[in-house]
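Residue numbers (this note's numbering), protein chains in the order written: chain E, 263 to 382; chain C, 263 to 382; chain U, 263 to 382; chain P, 263 to 382; chain W, 263 to 382; chain S, 263 to 382.
Take these hints with a grain of salt, some might be off.
All copies of an identical chain are treated as equivalent in the list; a pair is satisfied when it fits inside any one copy or across any two copies.
Dumping the calculated EDC-like pairs for lysine to aspartate or glutamate here, alpha-carbon to alpha-carbon at most 20 Å [stated by the list, open to error]:
no., residue 1, residue 2
1, K308, E336
2, K308, E275
3, K290, E269
4, K308, E343
5, K290, E275
6, K308, D296
7, K290, E337
8, K308, D325
The hints are simulated quantities; they were obtained by calculation from the structure and are not laboratory data.
Number of protein chains: 6
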Amino acid sequence: MSDSLTEFRRFRERMNTRILERGPLTTKRFFALDTQAYQEGALSVKVKELLGLVASLVLRCDDCVTYHLVRCREEGVTAEEVDDAMAIGLVVGGSIVIPHLRRAVDRWDELDGGVEGGRE
Amino acid sequence: MSDSLTEFRRFRERMNTRILERGPLTTKRFFALDTQAYQEGALSVKVKELLGLVASLVLRCDDCVTYHLVRCREEGVTAEEVDDAMAIGLVVGGSIVIPHLRRAVDRWDELDGGVEGGRE
Amino acid sequence: MSDSLTEFRRFRERMNTRILERGPLTTKRFFALDTQAYQEGALSVKVKELLGLVASLVLRCDDCVTYHLVRCREEGVTAEEVDDAMAIGLVVGGSIVIPHLRRAVDRWDELDGGVEGGRE
Amino acid sequence: MSDSLTEFRRFRERMNTRILERGPLTTKRFFALDTQAYQEGALSVKVKELLGLVASLVLRCDDCVTYHLVRCREEGVTAEEVDDAMAIGLVVGGSIVIPHLRRAVDRWDELDGGVEGGRE
Amino acid sequence: MSDSLTEFRRFRERMNTRILERGPLTTKRFFALDTQAYQEGALSVKVKELLGLVASLVLRCDDCVTYHLVRCREEGVTAEEVDDAMAIGLVVGGSIVIPHLRRAVDRWDELDGGVEGGRE
Amino acid sequence: MSDSLTEFRRFRERMNTRILERGPLTTKRFFALDTQAYQEGALSVKVKELLGLVASLVLRCDDCVTYHLVRCREEGVTAEEVDDAMAIGLVVGGSIVIPHLRRAVDRWDELDGGVEGGRE
């Protein structure tokens, strides 16, 4: 139903490198800004990643959702917190969000080593 | 170009089960509401499915379009009626809708017994 | 909270005339196509207007919603049918649709003779 | 440039009452669900309101942004936290978000009694 | 139907100042980047402003459209070129774009001193 | 990560044929209009294709982006011009555009015979 996380990461890294070597300067600076936005500030990194997750979910961008799920997990966000955040995304964005929610939960399970990794 | 209907259905069912067992309550209630919305009321089920189809098309959600095409077919909506509804989605949503229209027509053909049913 | 229906209609007509006298041909043809899309076909005019209404609601275009509410009323669509259609728009499009739903219901009440006509 | 907060609240309350008396049941339940989604859960009310704020900002809904700003303020969210959250909305949603950011900051100032109220 | 250009400019300038004094740094840098993106590069300023115009039109942001129309005029873009660009926005974005097209043409006329200014 | 250009073209042609044989007339006329919009007018074909590219990018339609990249290349648009145009799409549309930018740059490389094909 979707590329594996490994494929996602490889393609993401390869193309980020390509984009940054092509430019223009505006694009390079945008990428730097995108990293800076999620750094510790008045809000914690954890809350910022949840904000990024919900923004990505209501704008229905699977790759962006995957990225923020990976980051949420790295920051120690629990499954219950992710589900709570995504419930808000669902109510704000409507049933059109559901297919993306399905893929998001599948990703989270994959990160958990559940469905794909086979342990859990 | 796209997952088969069988894969679509399996993934959909598996993830719906996962989502409902994870919760939270808000998400579960949203799923119930989503089912309720399309039940017979002042408007017939058939008209409601056409409304869901066009809303999904202009919001450009392939999985949602597939779901409503399946439901339209079950409710006896004809190909001409579906095409008429999708023409409105195309005019309202613009050429950006065209790639989704292509996949929608392909799905309808698949439902018609082409790819899945094996006759045509 | 919003311009009156009379203002809406005047601005709409004045600017449509301006747009059609400016061109280009592509724009003129698009306007013709937009009219044609809602004419009787495999689906009735009434169903097509409901499709236009829900598409406009989920895409959150107040002016488009107003236009289709006016047309729905002209075609004899009842308040219950409009509410049923808009409920689908709400579930598909999410809570982000609510401010537009408020203005839509206000318009419908205005069309009913409340604010503008006073009698009907 | 925008209706005052008082007008916003009056219209909002009046139309919510109208919508709930009209129905259908799906719409009423959606409104209940929309309230429930922001209640204390795995995430705090404060974080949930920030999620609602950013989701509303990237989806570019001024009324929704106003609502969540009012709620954020009631929950004791600081100006710095709101600005941090909106910066993420800006980076995720792009420059198209800027006009909504302008109105959001104007609203926050209005809530502060600053620009409009004249005290502070 | 809309605020005058003078009001638009005053509000825009006042709020840009407010936003830049509030921060955070991410927001300030985004504003700088937004200016930089439209400077002469592989493409001319004129073409870049047309790109900004069409992007704003299909994303249906009236304030952004107004801004780029002002800039197009400053760069010597003709009415025919603007109409040609907007026709593409109309076909790509669909009839949902029409209300924004109406306001855009009204703005252009206002910039021309035509409809509102009364001379020309 | 994505279907090859050859697959894209085959599916696109096959489904366009299907759509045009199914109708209705509104849909057929829309397809004709879509072709007409990009023909030489007050703006050159090259500028129009860049407008189509950026509109497709901010609306996040990979297939539409692919189509306009192919057309840009046929019209002699350089990599630097495409990158400049896409940088505007990125700033207007925000980080949500990045996954589509990655696939767009990958497509351009594929058209160049670079990364995938190796010769052309």
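Here is how each hint holds up against the structure:
{"no.": "1", "hint": "K308 with E336", "in the structure": "within (9 Å within a copy, 22 Å between copies)"}
{"no.": "2", "hint": "K308 with E275", "in the structure": "neither (23 Å within a copy, 31 Å between copies)"}
{"no.": "3", "hint": "K290 with E269", "in the structure": "neither (24 Å within a copy, 32 Å between copies)"}
{"no.": "4", "hint": "K308 with E343", "in the structure": "both (11 Å within a copy, 13 Å between copies)"}
{"no.": "5", "hint": "K290 with E275", "in the structure": "within (14 Å within a copy, 27 Å between copies)"}
{"no.": "6", "hint": "K308 with D296", "in the structure": "within (16 Å within a copy, 24 Å between copies)"}
{"no.": "7", "hint": "K290 with E337", "in the structure": "neither (26 Å within a copy, 27 Å between copies)"}
{"no.": "8", "hint": "K308 with D325", "in the structure": "within (19 Å within a copy, 27 Å between copies)"}
Checked against the numbered hints given earlier, the structure breaks hints 2, 3, 7 and satisfies all the rest.
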